[in-house]
Each structure stands twice: as C-alpha cells, then as structure tokens.
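Trainee: From first to last, the protein sequence lines stand for chains A and B.
Numbering-wise, UniProt numbering puts 89 at position 89 of the first sequence, and it's gapless, one number per residue.
Numbering-wise, UniProt numbering puts 317 at position 317 of the second sequence, and it's gapless, one number per residue.
Quick caveat, the hints were computed from the structure, so don't treat them as lab data.
Computed from a predicted model, the values in this text were never measured in an experiment.
There could be a bad hint or two in this list.
Said to hold, decoys possible - Simulated coverage check for chain A against chain B, where a stretch passes if three residues somewhere in it have a Cβ under 8 Å from a Cβ of chain B:
(1) 118-129
(2) 323-334
Unchecked claim - Quick partial rundown of chain B residues pointing at chain A, CB under 7 Å, derived from the structure:
(3) Val-25
(4) Gly-68
(5) Trp-69
(6) Met-73
(7) Met-407
(8) Arg-437
(9) Asp-438
To be verified - Not close to chain A: a few residues of chain B, all C-beta gaps over 12 Å, as computed:
(10) Ser-67
(11) Ala-74
(12) Glu-80
(13) Pro-98
(14) Gln-245
(15) Ala-268
(16) Gly-280
(17) Gly-318
(18) Gln-353
(19) Pro-398
C-beta atoms are modelled at their ideal positions from N, C-alpha and C, and glycine is treated no differently.
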Amino acid sequence: MTPGEETALDAARLEDLAKGALVLAAGAEHSSYRASLDWARAAVAEHGPVPLIHPGDLGSERMCVTVSLLGSSAALAEQLPTGQEPLRAVRALERRLGRAADAVVALNTAAENALLAVVTAASCRLPLVDGDGCGRVLPLLEQTTFTIAGVDVAPVALATPAGDVVVVEAAGSRVEELVRPLVLAAGGWAVAACYAMDGERLAGAVVPGTVSRALAAGRPTHGGPFELWQPRPRRLGIGRITAVEHPATPGPDTAGGTALPSRPTSVVVSETEGLHRRFRLEAHNEVLLVLADGAPAALAPDQILMLSAADQRVLDVERAIPGIEVEIVVIPAAPAWHTPQGRRLAAAGGLILLSPDPEPDATQVQHPDAERPEETRW
Amino acid sequence: MVRRPDLSAPMTVAELVQYGPLPGVRILGTAGRDAQVLDVRIVDRREALDSLRPHTAVVLTEAPARSGWIVEMALRKAWEQAAACVVVPETAVAVHPPGALADRLGVPLLLIGGDALEGAVRIASAVSRPDAGRTALLADAAQRLAAAGPHVERVLAALHAALPSTSLALTDPVGGMLAGRRAALDSAHPVRLDVPGPDGHPLAVLVADSRSKEAGWASTVESVLRMAVPPLTAWAATRRLAEEQLDRRSELLLHQLTHPSEDEDEQAGAHVRAEAAALGWPLAGPLIAFALRPAVATEAGPAPGPALRALWARYGIGGPLIAYEDCWVSWRSAAAGSAAPDPEVWLRQGEAQLRTAVRAICDQLPLAGGVAGPAGGTGTLGVALADARAAAAVAAVPGSVVRADRMGPAQLLSALPAEALRRPAEVVLAPLLAADRDGTLLRTLAIVLDQGAAPSAAAEILGVHRNTVAARLERIRALGFDPEDPAQRLALHLACRVLLAES
Chain A
1 MTPGEETALD
11 AARLEDLAKG
21 ALVLAAGAEH
31 SSYRASLDWA
41 RAAVAEHGPV
51 PLIHPGDLGS
61 ERMCVTVSLL
71 GSSAALAEQL
81 PTGQEPLRAV
91 RALERRLGRA
101 ADAVVALNTA
111 AENALLAVVT
121 AASCRLPLVD
131 GDGCGRVLPL
141 LEQTTFTIAG
151 VDVAPVALAT
161 PAGDVVVVEA
171 AGSRVEELVR
181 PLVLAAGGWA
191 VAACYAMDGE
201 RLAGAVVPGT
211 VSRALAAGRP
221 THGGPFELWQ
231 PRPRRLGIGR
241 ITAVEHPATP
251 GPDTAGGTAL
261 PSRPTSVVVS
271 ETEGLHRRFR
281 LEAHNEVLLV
291 LADGAPAALA
301 PDQILMLSAA
311 DQRVLDVERA
321 IPGIEVEIVV
331 IPAAPAWHTP
341 QGRRLAAAGG
351 LILLSPDPEP
361 DATQVQHPDA
371 ERPEETRW
Chain B
1 MVRRPDLSAP
11 MTVAELVQYG
21 PLPGVRILGT
31 AGRDAQVLDV
41 RIVDRREALD
51 SLRPHTAVVL
61 TEAPARSGWI
71 VEMALRKAWE
81 QAAACVVVPE
91 TAVAVHPPGA
101 LADRLGVPLL
111 LIGGDALEGA
121 VRIASAVSRP
131 DAGRTALLAD
141 AAQRLAAAGP
151 HVERVLAALH
161 AALPSTSLAL
171 TDPVGGMLAG
181 RRAALDSAHP
191 VRLDVPGPDG
201 HPLAVLVADS
211 RSKEAGWAST
221 VESVLRMAVP
231 PLTAWAATRR
241 LAEEQLDRRS
251 ELLLHQLTHP
261 SEDEDEQAGA
271 HVRAEAAALG
281 WPLAGPLIAF
291 ALRPAVATEA
301 GPAPGPALRA
311 LWARYGIGGP
321 LIAYEDCWVS
331 WRSAAAGSAA
341 PDPEVWLRQG
351 EAQLRTAVRA
361 ICDQLPLAGG
371 VAGPAGGTGT
381 LGVALADARA
391 AAAVAAVPGS
401 VVRADRMGPA
411 QLLSALPAEA
421 LRRPAEVVLA
431 PLLAADRDGT
441 LLRTLAIVLD
451 QGAAPSAAAE
461 ILGVHRNTVA
471 ARLERIRALG
481 FDPEDPAQRL
491 ALHLACRVLL
501 AES
C-alpha cells in the first residue's frame, strides 16, 4: 500500500492474511494457528474491520505499541485465550506510560503473531500498521529492527490467559531472561505489549509493507506466493532433494544456539536444470545457509525457503524427504539486518553468521564466473 | 648411484593414494588425480579455507570434517584456489560424502582411516621426499614378495597387493596367458619384463598395466616387477626339480616292472604293478613299445626332458614317457588302437602313429623314433623297449621312425661308433678318396653295397642312369675295389658308411 491509502482488514482479507502469514512460518504449529485464526475471526466479527495504515501516516504525535505472542505456541492451543489478553496488555502499557496508544504494529507478520496483531488492533479499536519489527521471523523478543534503530523493548506489559498482568520495567538487555520464566510460570504463553514509540520513530525503524505482502501472498493468484511481492525474492534454482542428513553435531557455527528446539538438518538438492549444481541447505530451526557447489549462495539473515515445485507452497525443513522437487528461494532481509549491528543481533538467537565471509552478493562481484547462479526473479 | 630423473618429480594425488602413505585411503572424484601435491595445510577452522596455496593437500580435522557443509565448502575453496585435494578422516564424514561434487569440481576427496593430523604428517613426509614414498612402496613390495615365496600365484597376488589399481599377468614368451589378470594384456601402455628360467633362457614375461599415466609410475612398476623375477625363476627351478624327481621315480618303477628280481615275492610284484597302474601305465598285453631319441647332442641347450614331455603330451600317442638310458620310451596296449589280432597290423599302426608324432615334434625338437613289439605283457616289455631303443638308435635322420624288425644294413651300420672307425675307414678307402674329388664315387659305392651290388637299384636311388652307375663302378674297380668280392665287401661297406655318416 502507498502512503495515505487506507485499507480495512475485513473477514475476507483476514483469510488472505492468515494464508500469507504462513509463507514465512512453514513450520507453524497447526493447532495454535487454527486457534489464533478463530480468535481473529471472532474479534473482527465483534469489533468490525481493522484499518490498515502506512507507517509514515502516523506522525510524531501519535504512539504505536508492538504486540507479540510470547512462549510456546503449542501452549496456546492447550490453554485457549480468554480474548481479553491483548487489550489488558495494551492497557497496562498505556497506564505505565501515561498515554494512550494510537496504533498497533506486529512484532513479525508470521503465523500467530500476524493474527494476534489483528486481534489486538480490533479489540483496542486501533488501526494496524502495515509493517513489522522484523521482516522475517527471529526467535527472541529483542531481535527486531526496532532494537537496531535504538527503540527500547521495555517497558513490556504481559497479559496471561489466567488474568495476570506483569509490567517489566527497563531491564536493558536482560528483558528476554526476565520474561521467559514469567511466561513459563503463567502457563506457557502470554501476550506482550512492548516497543512503545511515536510514529516518527516507527517510520524509521519498521520493516514496511509486510502486512500487504502477506495479504498478497495469501490472495489466490496464478503463479507462486511471491507473484505480487516487491522486491521480488531471489530464485536460486530448482531441483530434487537427493538426501536429508542429520549431522551428529550442529552444522553451522551457532552462537548460543543450544536453546533452539529442533535438530540440525542438511538437505541436499540436485539442480535439475541449468548448471545442474549441487545445493546443500544447512538448517537449524530454519535454513541458515545454502551452498551451491560448495560456495555460499545465500545465508541468514536473508530468509531461505524451499517451495514445493508441485504446489508452490513453502516446504518446512522438517518435512523435507528425498525425491521432492523444490525451488530454492531467498527473501532478502530488511537492510537493517545487514548492518554490523543487525548481524550481531541476528546471531544472538542462534542464527549463523558466516563472517568474515562477504555477502553472497558481494562474492558475485568478486567472481563473475560461469559457476555463479543465474538469478531468476519473479 | 645415478638418481633417475623421474624420481625428483613432485608427487601427484594419485601417487599419494597408490604409494600408500595413508592407511585405508579411499579416493572420491575421478578428475584432478594428476594434480601435483607440494604442501599440506591442516584446517581446523573454517576461516583457514580462505587462504589456501595452490598444490596444497587440504586436511580437515575431525571437527570441521563432521560438518558436511564445511567439507563441501573446502572442496569449493580448494577448487577456487587451485589446491590439489581435500583430505578428511573417514570416521567424521557423513553417510553421503560429496563424491559427486568432488567429481564436478575436479578436486579429489580422500577419505583416510585414522587420525587427520597423523594423515597430514604422512602426506607431508611423502610430499617433502617424493622418492621416499616410492622407496616405501618398493620396501612394501619386497616384504610381500618375500612372504609369498616361489609360487607363481602367490607372487602375482603379492604384486597386485603392492601395486593397487594395476593389473598384472604372466605370459609365455609369445604372449600366451599363464597366470594373473587378462586385463593387463589389453593395456595401451604396458610395462613388460622378461623372466628368465633357471638356465637363463626366456621362461615367461611379466606384463603390468597401470591405469595411471603419471610420470615415473611406469619405472616404479618396473622396479617392483624386477623384484618378482627371482622368485618366479626359483619357482620354475623347483618345478623342474620336481619334474626330474618324477622322472627318476618313473625310471625306477619301469626298471622294477620290467626286471622283477628273482627273490621278489608275489606281494612286492603286485605293489609295483599297482603303482604303475596308478600312474596310468598300460599293463595288459599285447604291448607295442616306442622309443624316442633326440637327434642332437643335449649339452648345447637345456635338457630336453621337460620340453619333450610337454610336446609328447600335445602331439604324442598317449601313454607314459620315461627316460630310459639315452632315450625316452613309451608303450601302449596294442589292442587299444585296433581290433584286428594281427601283430603286423599293430606294428604298422604304431609306426604310422609314431611317425606322425615324431614329425610334429621334430619342428621344435629334432628326434627319431623306434617301434618294437608286441610284448605279451610287462614281463617281456623290457625286451620290446630295448628293441625299440635299438631301432631308434639306428634311425639316423631326424623325423624318421624305424621298426625293430625291419632294420636294414644301412640302419645297423649307421649305428656304429663312427668316431672310432673313421681312421681305419680312411686307410681302407685311401686310393678311392684320393681319386674321388666330390664324393660321388664314395656315395655310389655305398649305395651299390646297400643294394646288394645291383646297379639298376642303385641308379634309381642315386637318380642317375644305370650306365652312369656302371661307369662309376668301372672306375672304382680300376682303383682296386670290388663290391662283389666277399673278402672286401663288409670292410668296404663299413668304411663307406662311417665316412658318409661323418660328412
């Protein structure tokens, strides 16, 4: 959407958003996703369509709060929400700050978090900002472009399904450590309202357009889910999975990544066209690195996805089995993530950073030989 | 010692694998094996891959090698920086080592047994002194050959073990396969080495085919083959010794069979017969006896025994072949070849068969044969064999066969010891020899005497007109010799034959 334009998220668009929000979260827990979608449908039905606004339209006088689901999404399906959690969290934050929120922005536009932002905006009767604080998915609360821009995560207001409300005051870099045990004690999940900022700071820190991007991805169109995306994702190649390995030790160097739940996985894809390269995808929770004939072709924090060639849907790494034909796609991360500070922050959650290797794009300039991928764009 | 120029060449990846400084090494990727290795780089951190030197063997330690993606990245970095190969410990690599990528990039991937650092040290020592690796290979081959001993199959197995990815074969001097792998004979660039027998004559040829075309490899292979020559020669010598022992045993057994001693009891005789039967000797009469006599003196070349045995097995008429005084004898059951109970038919058949055999053998080993018999059984076999031997002894011309019961005067006379009688013969015929410039008169006299002084028969044999013979006889008579004089005849006949055998 363009500045000044206002779209309303009605029931139909909510369905598009729900579908599109899965593109960046292929491994989403199905039950909690269903629960969140039901919740969002109910909220939109009760409070009416949610206006979607451009981040730049908020202005310096109005305040925006960020909402996110904390804890385990599986717990959400077991302990269903009362429906009051988002409103209570936002109200608690408003009380603490002494001013009312004017807009809601999602921490990321993936699976439950995209839907939770709609629920929050609907129940608070506030507009939803077309953008988020990540542009992709990262595991930690502080891994946002807001943090990179210098916006404090605290104070953080937590609302649990049991009715508790906790406000965590400026705790610097220890927010994550403080909040995690609280969430566990509260029953496994909570809604957090945090990163309160005015519209001007929001405009400078947000990854814009992610909601309309997800809407576009979820809209039934011909071609792939990225048909209407701008900029278009990078297509590395198409091939067949020939091997899926689970190395005994973590593949790529992980920095404090032991907390990540899933096991390291390597997926070998033999390109079935063009140069017939051998791709190797190294994944831990998500794909961290792609080697094409041994040379890095893409790496985190850019998001690397496997699209099933049969139905153009994103294939979760955990569901990769030999024989499936896939397309390897790279969604460039927001520029903020490629700054030194951004790379450091991304690495904090366990994402590989192959420093001091140059970025793949830079490598391409250095070795403009035939082995380099011919990039195709949608 | 002059250092061979090929030894100073740097070691190639293929040689690293072939010379075996790396225990249990496996090589993936067919391309790039001829790349030279000049240096070793141990990589324990991924960052170290960014600065590789050309012609380096990149050795990944256990930790980085466990990550399949680092192995792939190492192959890529090795390719980009012209390193020679990537070496990883086999225990660390994934179930699917990236052999296809090694192939694609032309960078061989070596999977080594044991520790990476130890492997790196071994490579470093092999690379720093390429000839040391070759020397180690030679030492290994020498140990294996020593353990194999003089047995042709074991020697070839030792060579195959010492020279991996090399096919070897042992052929006879004209290329017939004796042992080993036939693939060696189809080689485009074979390495050949003659193997002499115990007597110094060519025995066999060792042929090796190495698929690798590295400089110096052929000479290394030849060095290894050279070490295999003594055990192969020894093998031939022991085989011949065994053969000779067999000959002696057969000779003794034949003697016992044909000369049963007076005081020998029934049981001992039966024992001898049983042993002979076990060797497949025909014992039931009537028996036709054969004798074979090499036509040339045996001192010049190798003992003809093994060769004759081989030729007899191929062209002979069956039956044993046993050394018997100065010749070899054989015999067979007369009834085996013919149903007709006629000794004349048996002998004629035997003579014809032996003649065919002798002529075939004569191409390679000049000899003459004798036939005698039939003997009623083993008791009279000795006599028949002696007769056959006597007949063979008078068959002067190589390839001829004489029947003992058809020996003529010429055959008998030709069997006389010519050396002792030469001088007396020259004295007897002195006037004739003085007049006879070209030997025509001597030959004519001999033939006339052979034919019982019948000029027409002699003319036919000499291929001249009867009148010519008559004219020559006139000249001979004029010199004082008369073939019809009973007092002179035997002496003249003897003297002619002795001098003719001489020429």
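Trainee: Work down the list of hints and note, for each, if the structure agrees.
Mentor: Verification of the hints:
| no. | hint | in the structure |
| --- | --- | --- |
| 1 | 118-129 | violated (count 0) |
| 2 | 323-334 | violated (count 0) |
| 3 | Val-25 | 22 Å, violated |
| 4 | Gly-68 | 5 Å, holds |
| 5 | Trp-69 | 5 Å, holds |
| 6 | Met-73 | 5 Å, holds |
| 7 | Met-407 | 88 Å, violated |
| 8 | Arg-437 | 94 Å, violated |
| 9 | Asp-438 | 91 Å, violated |
| 10 | Ser-67 | 5 Å, violated |
| 11 | Ala-74 | 8 Å, violated |
| 12 | Glu-80 | 7 Å, violated |
| 13 | Pro-98 | 7 Å, violated |
| 14 | Gln-245 | 64 Å, holds |
| 15 | Ala-268 | 79 Å, holds |
| 16 | Gly-280 | 65 Å, holds |
| 17 | Gly-318 | 66 Å, holds |
| 18 | Gln-353 | 72 Å, holds |
| 19 | Pro-398 | 74 Å, holds |
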